[in-house]
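> Sequence:
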Amino acid sequence: MTPPVTVRVRFCPSPTGSPHVGFARTALYNWAFARHHGGTLVFRIEDTDKERSTEESYEAMVGAMRWLGLDWDEGPEVGGPHGPYRQSERGDIYRDVLAKLAASSYTYDCFCTTDEVAARRLEAGSKTMGYDGFCRELSDAQRAVFEAEGRKPVVRFRMPEGSITWDDLVRGDITFETEHVPDFALCRANGDPLYTLVNPVDDALMDITHVLRGEDLLSSTPRQIPLHQALVDLGISTVVPRFGHLPFVMGEGNKKLSKRDPQAHLFAYRDDGFLPEGLLNYLALLGWAIAADRDVFTMDEMVEAFDIADVNPNPARFDLKKAEAINSAHMRMLSIEDMTDRVLPFLKHAGVVSDPVGDADAQLLEQAMPLVAERINKLTEAVDMLRFLFVDEADFAVDPTDAEKLLDDDGKRVVQAAYDALADLPEWSTAAIQEALQAKLVEEMGLKPRNAFGPVRVAVTGRRVSPPLFESMELLGRERSLGRLQRALA
RNA sequence: GCCCCGUUCGUCUAGCGGCCCAGGACGCUGGCCUCUCACGCCGGAAGCACGGGUUCGAAUCCCGUACGGGGUACCA
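Numbering-wise (my numbering), the first sequence opens with residue 12 and increments by one.
Read the hints as simulated data drawn from the structure, not as lab findings. Hints may be right or wrong, so weigh each one.
Stated by the list, open to error - With a cut-off of at most 27 Å between alpha-carbon atoms, the simulated DSS-like pairs for lysine-lysine come out as follows:
no.	residue 1	residue 2
1	Lys-333	Lys-423
2	Lys-332	Lys-267
3	Lys-389	Lys-359
4	Lys-423	Lys-451
5	Lys-267	Lys-416
6	Lys-267	Lys-61
7	Lys-359	Lys-267
Predicted, not measured: the structure shown is a model, and the values here were computed from it.
Go ahead and model the full structure; you've got the sequences and the hints to work with.
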């Protein structure tokens, strides 16, 4: 199933709150679909809900897309021929479309209050919820009565008779009987347009060909298709887009990942040291597979292989462990230079190096990164791994728990022996250090390697977990290394 | 209540009628490697929700049931 070459998709979050992982997954699939087909990705901001939309959230949405590296062809900051791309700036457009719709009686004014509708339903014992069409065929006289009462109408779409069927890109044929789809409101009584109007209208006006969105919007599709058809009929647009409804990303338990869930926040992963490409790769796996026996891939590879028809319709649970494992695979794909660049902000933030970083520290970092690159799974892990190299001697501290475990009396004897072996070492190199310690601690004292080097490691790096010991000591230098050994004996 | 969607190892998935007494990954687990950690390598346990059909043959198609999810707003 090859879509036309003129693929145009959109990603249109509402700027309410902080972007979450579902946001990223939907953005990713739209992006991959657009790129795969050489199409256009429109980034639109759905901020018609003035109560909940915030500028801060808008900035976060744009920032999230930038961090993820998902670029868009039309939208905020890049413009485009169908702007503006924030719905709060498109009021005139919606008013105009609403007027055209009303003139062709696709819509009607409805004066009912929510309470009245509910009361009628109760009385009739009706099984269907939603609006009952009371104002569909209002006479001028009835209308006049309502207006005399000072009522302001909402505008409702007149749902056609029959059924609505579409071939969902993810799920295949889906049919709704329109008797189960009540006439819905397109704008508030005060004239403010609602999502129900604005979303399909913008898709139509922006020539969107494929709508890929969350499963939660599936039941709004039977309302949107007739509206699109009305817009085509009125010459406002030319085609009804195709729809594809993506499965949810679920959290713990079996609930859709909600914004209140701490695990849901996208920036939490950024701050935790995830690589955007690692997170994206993991998110892609939640509903799509590149091959039967493979799950680590680059975004280029995803673009090449992505087919919306392969997307799995059932909801997927977010698994942090696997996300970390995938991220770790991407960490190992990074060059040392690249990883260094990405680790640097975390080192600065933790105060391990100054900002901007000094020449000496930069050089030390360059030498140290190869030692840690293979043993960290997230960028943040470099901080604890490297701190001992950069810290001032006065501020150097040994982890109390590790000290208690390894720097007991036996441990101190080992450290003393290590000091003796190294004090007069003619050449301070990894090989020489290793040779000297090996000879003294292992061969002479008969210690097992892990028991020999453990106490030394804690004394020198401050932790039981560190980069390789001998290399670390070389980088630290003779004076600081010996100083720390001595300090551990105190 | 009504409408819609979904259901393969604990989790994410491959599978689109015979290649499957179901493959991969994460996790778990036994071992190897090893100066810690991490990486890497070898092995193991673990799954087609249930019941009917259709068919020579079903994880794959159809129908029910159960369970899960979504919608049912002058939110998006």
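> Now tell me if each hint is right for this structure.
Cross-check of the supplied hints:
no. : hint              : verdict
1   : Lys-333 / Lys-423 : violated, 41 Å
2   : Lys-332 / Lys-267 : holds, 18 Å
3   : Lys-389 / Lys-359 : holds, 16 Å
4   : Lys-423 / Lys-451 : holds, 15 Å
5   : Lys-267 / Lys-416 : violated, 44 Å
6   : Lys-267 / Lys-61  : holds, 25 Å
7   : Lys-359 / Lys-267 : violated, 36 Å
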